[in-house]
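The lines below spell out each chain.
Number of protein chains: 2
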Amino acid sequence: MSDKAIGVDLGGTNLRVALVEVDGTEARILDQRRQLLQERSPHAVAQVLVQLCHDLDAAGAAPVGIGAAAMLHGTKGMVANAPNLGWRDVDFGALVAKDLGRPVSLENDLSAITWGEHRFGAARGFDDVICVFVGTGVGGGAVLCGELYRGAGNAALEIGHLKVHPGGRLCGCGQRGCLEAYAGGRALAELAREAPESLWLEIAGGDAEALHGGHLDQAAQRGDARAKEVVGRASIFLGQALASVATLFNPSCLLLGGTVWQGCAFLREEATRTLKELLPLPAAGWMQCVEATLEDDAGVLGAADLALAHRAAARGDHKHRR
Amino acid sequence: MSDKAIGVDLGGTNLRVALVEVDGTEARILDQRRQLLQERSPHAVAQVLVQLCHDLDAAGAAPVGIGAAAMLHGTKGMVANAPNLGWRDVDFGALVAKDLGRPVSLENDLSAITWGEHRFGAARGFDDVICVFVGTGVGGGAVLCGELYRGAGNAALEIGHLKVHPGGRLCGCGQRGCLEAYAGGRALAELAREAPESLWLEIAGGDAEALHGGHLDQAAQRGDARAKEVVGRASIFLGQALASVATLFNPSCLLLGGTVWQGCAFLREEATRTLKELLPLPAAGWMQCVEATLEDDAGVLGAADLALAHRAAARGDHKHRR
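So the protein lines, in turn, are chains Y and V. Going by my numbering, the letters in the first sequence line up with residues 339 to 660, in that order. Going by my numbering, the letters in the second sequence line up with residues 339 to 660, in that order.
Just chain Y, same shape as in the assembly (with noise of 0.2 Å):
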């Protein structure tokens, strides 16, 4: 039996609504609407988010689902941190059940697409699952036994925020040696700027500006010395946190994506290389490493889904997911 929900993915600069229909281990995006987020007030974003409701779902009867690039505070909808809109201890969950007029479901937005990819994508059949995303950050989500796992405080899975290099550079957290410092895409692009006079400048045109981690992922590649160190020293510090990860929980399936995981081949192969050198061998015998498949649809199909799971629970009833 097919049914309806609303899956949101609010970035830091975009919202994403969209009308999905869920059919088993199948989803279908019906409909959605974009919308550049102009006017970042919780508030102000609230009523965008509605309104897009409303124009996918005049009837109001599909349960809203979602995923936002956030820190929450509990379970509840809280927003304790969402550094790219500026927000800190808002209650948008509150803020927009009450404009729209029902409840909302509010997960981080690695949780959204972790789910999404367990339960329509590249992690479907995986009841252990841990999703790591290498994009502008660094952040990951975990399925174990069949349900999401979010930790006691809705903070589980930082694997950003692994110490890989104690005392290292500095993360935007404030912490120094923290995983994403080396590895995610803003640092690449940090690291590419702090040494201009490149192969890696030439790749990018000449544009400084412009410089991203894919540019000295591929001077890497071409076998320029200071593009290998660079990628090469992210490559083993992720594949580190990645042995870390599987020996801590011994997944069934490790989900891997981001832009800059598809984006940077030399990364890839140099993290997957040091993953396999680390890993202890009864947690290597059981897991399987997947490449996400759904891309940006992860995030709306699994908000979506999770709006379904929770009208269920408030419902009692616990079986409609599978």
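Just so you know, the hints here were simulated from the structure itself, not pulled from any lab data. Keep in mind that this is a model prediction, so the values were computed, not measured. Glycine included, every Cβ here is placed at the ideal spot set by N, Cα and C. Only true hints are included.
Pair by pair, the computed Cβ-Cβ distance ranges are:
(1) H503(V) - A651(Y): 42 to 48 Å
(2) R462(V) - G623(Y): 32 to 38 Å
(3) H381(Y) - R611(V): 39 to 45 Å
On the provided structure of chain Y, position chain V as indicated by the hints.
Just chain V, lined up with the frame of chain Y:
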């Protein structure tokens, strides 16, 4: 309503079998037997175990749960590897069940300890518990969302084999740079013996064979530079590993114990300092560090309670525990 079960602690040299009465969140040992393992073949150990079960529970009414110092294969009682017993790929669960005439449950010893402390000890009342024990080796267990988490292949929380110093000291597992190769009691004893002309040898009463981590730690406490270096390095690696675990799991409770943890004040303080330094703020805000309180009883109490849980699950009664 109270219920009875037999909890078994199967170590490398000793077998302990306890008749346990469980009443809500309280448990007590009614009677118990300890036996030094003379013959360590699986058949011989199973026979001794079954005999002790008969001694304690002639009627054979109490379900039997075993916590074993072993890597298990899946969750059906198959021992993949028990290095201290010299077992590989032994279906010990089936062996005991056959001799006993009824099913038994088999768990990794650290899982049994974690469950015991969660149900009856220092971690009572916490739903997301990560337990780390620093003894001869370094191991861990997890209770997530109130349930024991074992990983896809029963190999989760292998914290002793986190690579804290890739390419470093050789570990008993065959890989290099594992936490256990620095912070475990066996490693500390080896490190102590590498430089016997030292303050710690004096502390050990001049007996190089008797040297253990505690002697090194005492020398470090007295300010001995070399001891501080060796124990300090172990502590930093341990603190880093604890920070990684807390960053990834975001537990409400980090439960710490084990002979080395309890007996080595220098290591404990330095590791705690490193943990606090490296832990991301969100995870830190939700986490309480507690010391294990049940000592040697945690394993048999946990194994006994898990046996009751298994019986209840087999009967379709999922509510027995709360």
